[in-house]
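J.: Sequence:
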Amino acid sequence: MELVAQAAQKFSDQPALITAERRWSFADLDADTARVAAAFETHGIKPSDIVALVAPNSVALVLALMALVRMGAIAAPVNHRFPASHIDGVLARLNPVITLDAAKLETFIDDALAQADASFSAATEMERAVSIIHTSASSGNPKAAMHSFANHYYSAMGSAQNLPFRPGDCWLLSLPLYHVGGYSMLFKSLLGGGALAVPSPDTSFAESLASFPVTHLSLVPTQLYRMLRTDGGPEQLRSLKALLLGGSAISAPLLREAIREQVPLYLTYGSTEMSTQVTTSSAPVTSAQSDSGVVLQYREVAISADGEILVKGECLFMGYLDDGGLRTTRDSEGWFHTGDMGELSAEGRLKVLGRKDSMFISGGENIHPEEIEKTLTSIEGIEEAVVVPAPDAEYGMRPVAWIKAGNNTPSDAVITASLSKTLGKLKTPVAFHRVQEWQTLPGSAKIDRKWYRNQV
Numbered sequence: 017m018e019l020v021a022q023a024a025q026k027f028s029d030q031p032a033l034i035t036a037e038r039r040w041s042f043a044d045l046d047a048d049t050a051r052v053a054a055a056f057e058t059h060g061i062k063p064s065d066i067v068a069l070v071a072p073n074s075v076a077l078v079l080a081l082m083a084l085v086r087m088g089a090i091a092a093p094v095n096h097r098f099p100a101s102h103i104d105g106v107l108a109r110l111n112p113v114i115t116l117d118a119a120k121l122e123t124f125i126d127d128a129l130a131q132a133d134a135s136f137s138a139a140t141e142m143e144r145a146v147s148i149i150h151t152s153a154s155s156g157n158p159k160a161a162m163h164s165f166a167n168h169y170y171s172a173m174g175s176a177q178n179l180p181f182r183p184g185d186c187w188l189l190s191l192p193l194y195h196v197g198g199y200s201m202l203f204k205s206l207l208g209g210g211a212l213a214v215p216s217p218d219t220s221f222a223e224s225l226a227s228f229p230v231t232h233l234s235l236v237p238t239q240l241y242r243m244l245r246t247d248g249g250p251e252q253l254r255s256l257k258a259l260l261l262g263g264s265a266i267s268a269p270l271l272r273e274a275i276r277e278q279v280p281l282y283l284t285y286g287s288t289e290m291s292t293q294v295t296t297s298s299a300p301v302t303s304a305q306s307d308s309g310v311v312l313q314y315r316e317v318a319i320s321a322d323g324e325i326l327v328k329g330e331c332l333f334m335g336y337l338d339d340g341g342l343r344t345t346r347d348s349e350g351w352f353h354t355g356d357m358g359e360l361s362a363e364g365r366l367k368v369l370g371r372k373d374s375m376f377i378s379g380g381e382n383i384h385p386e387e388i389e390k391t392l393t394s395i396e397g398i399e400e401a402v403v404v405p406a407p408d409a410e411y412g413m414r415p416v417a418w419i420k421a422g423n424n425t426p427s428d429a430v431i432t433a434s435l436s437k438t439l440g441k442l443k444t445p446v447a448f449h450r451v452q453e454w455q456t457l458p459g460s461a462k463i464d465r466k467w468y469r470n471q472v
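Under my numbering, the very last position in the sequence shown is 472; numbers go up by exactly one each time.
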């Protein structure tokens with residue numbers, strides 16, 4: 017399937033890419049990505065070759081990724097924020113035919129677009145591999161997940177059936193393209209006809225929302241929290257058609273605040289392995305719900321006997337790329353075990369309880385740190401929390417919490433009393449540690465839970 021050419025035929029003069037300096041129509045996108053694909057072929061890139069791209073979001077990166085899809089090569093966008101030694105390790109495992117950093121990519125694209133003629137061999141197989149995207153692993157050891165064209169295609173199709181993205185719409189490219197949520201926007205645009213707004217790396221969300229005709233936005237809870245406290249932020253969010261919120265659990269107070277501000281909020285649960293979204297709200301949420309929406313088309317979800325979320329369907333990735341080649345990870349019935357614990361209602365609504373590997377036993381009871389964290393952030397004055405197990409002679413393990421609080425910091429006694437009443441003694445942390453900034457994984461904003469476990 018030649019998705020870019022089809023989009024050009026269907027949406028022609030509609031905007032496809034928007035920056036502060038220029039707009040590309042879908043016809044422009046077709047012509048420019050053809051030139052870039054031809055340039056890759058000229059440099060010896062063949063179908064199924066791996067091309068590593070170590071660069072921040074830019075039009076150049078968008079054009080390169082789409083061109084590689086068109087010619088059947090495998091794009092491997094890499095987090096440019098990783099330490100140099102980490103990037104070297106990732107590239108050694110990928111063994112790409114070519115690696116382009118930000119400067120080399122800009123030069124490559126500029127040279128490609130300067131060419132008048134563009135002839136390349138288009139790839140059309142749905143099952144061909146098109147991307148390698150690294151998971152945002154809490155362990156600090158991200159896995160290289162390989163996806164097919166069909167994985168991304170059906171992911172976008174299922175998303176569009178629930179949340180349309182049409183000509184005249186504009187989705188801010190607020191997630192990095194090395195993240196599956198960012199990469200998925202390319203397919204959403206090509207299938208639906210909506211435009212992608214590509215801000216400069218140093219532009220804030222508030223500035224981007226003021227500069228571009230944004231109708232759709234993807235955020236994580238921390239970003240939503242900050243936007244609601246930005247001058248004019250609530251009004252900007254209220255004007256959207258949809259705000260897709262995922263990445264981590266949202267606290268009840270933040271959810272209630274967003275609803276009170278009339279933000280068109282869609283909650284979602286997804287993963288790199290499932291090519292982004294698995295479940296999403298079927299309409300903007302109007303109450304403080306605890307689930308992550310309904311299962312989208314082309315996905316299947318089940319709960320194992322021990323409570324683990326299992327997934328399969330057209331969106332399930334091809335496998336992990338490691339030293340031994342492509343490693344598949346499905347069980348005998350085709351299910352992928354996510355490592356997340358959850359509950360699925362009779363109506364198909366999924367409630368995510370937390371990570372299986374973060375659960376611990378205290379006094380014979382299963383403790384999910386995420387449940388305690390969510391309750392902690394429901395207490396006024398607590399912005400974020402991390403809970404880990406600490407050894408205990410009597411109970412085996414007891415919870416210990418690190419909290420990031422605002423100006424109105426509640427005392428330990430107030431927190432303990434609130435949690436004891438809500439969760440009971442076993443789930444109430446035995447100690448609270450205050451933090452100003454979180455210890456994060458290299459090149460990431462994700463909290464390094466292993467570091468905090470090691471502290472106790």
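These are computed hints drawn from the structure, not numbers from a lab.
All C-beta atoms, glycine included, are put in the ideal place defined by N, C-alpha and C.
It is possible that some hints are incorrect.
Simulated restraints, written as ranges between beta carbons of each label pair [what the hints assert, rightly or not]:
#1 A130 - M17: 25 to 33 Å
#2 M17 - G60: 19 to 27 Å
#3 D247 - S303: 21 to 29 Å
J.: Please go over all the hints and tell whether each is borne out by the structure.
T.: Hints, one by one, checked against the model:
1. The beta-carbon spacing between A130 and M17, approximately 29 Å, falls within the hinted interval of 25 to 33 Å.
2. Checked against the hint of 19 to 27 Å, the C-beta distance between M17 and G60 comes to roughly 25 Å, which is consistent with it.
3. As the Cβ distance of D247 to S303 is approximately 28 Å, the hint placing it in 21 to 29 Å holds.
The structure meets every hint from the earlier list without exception.
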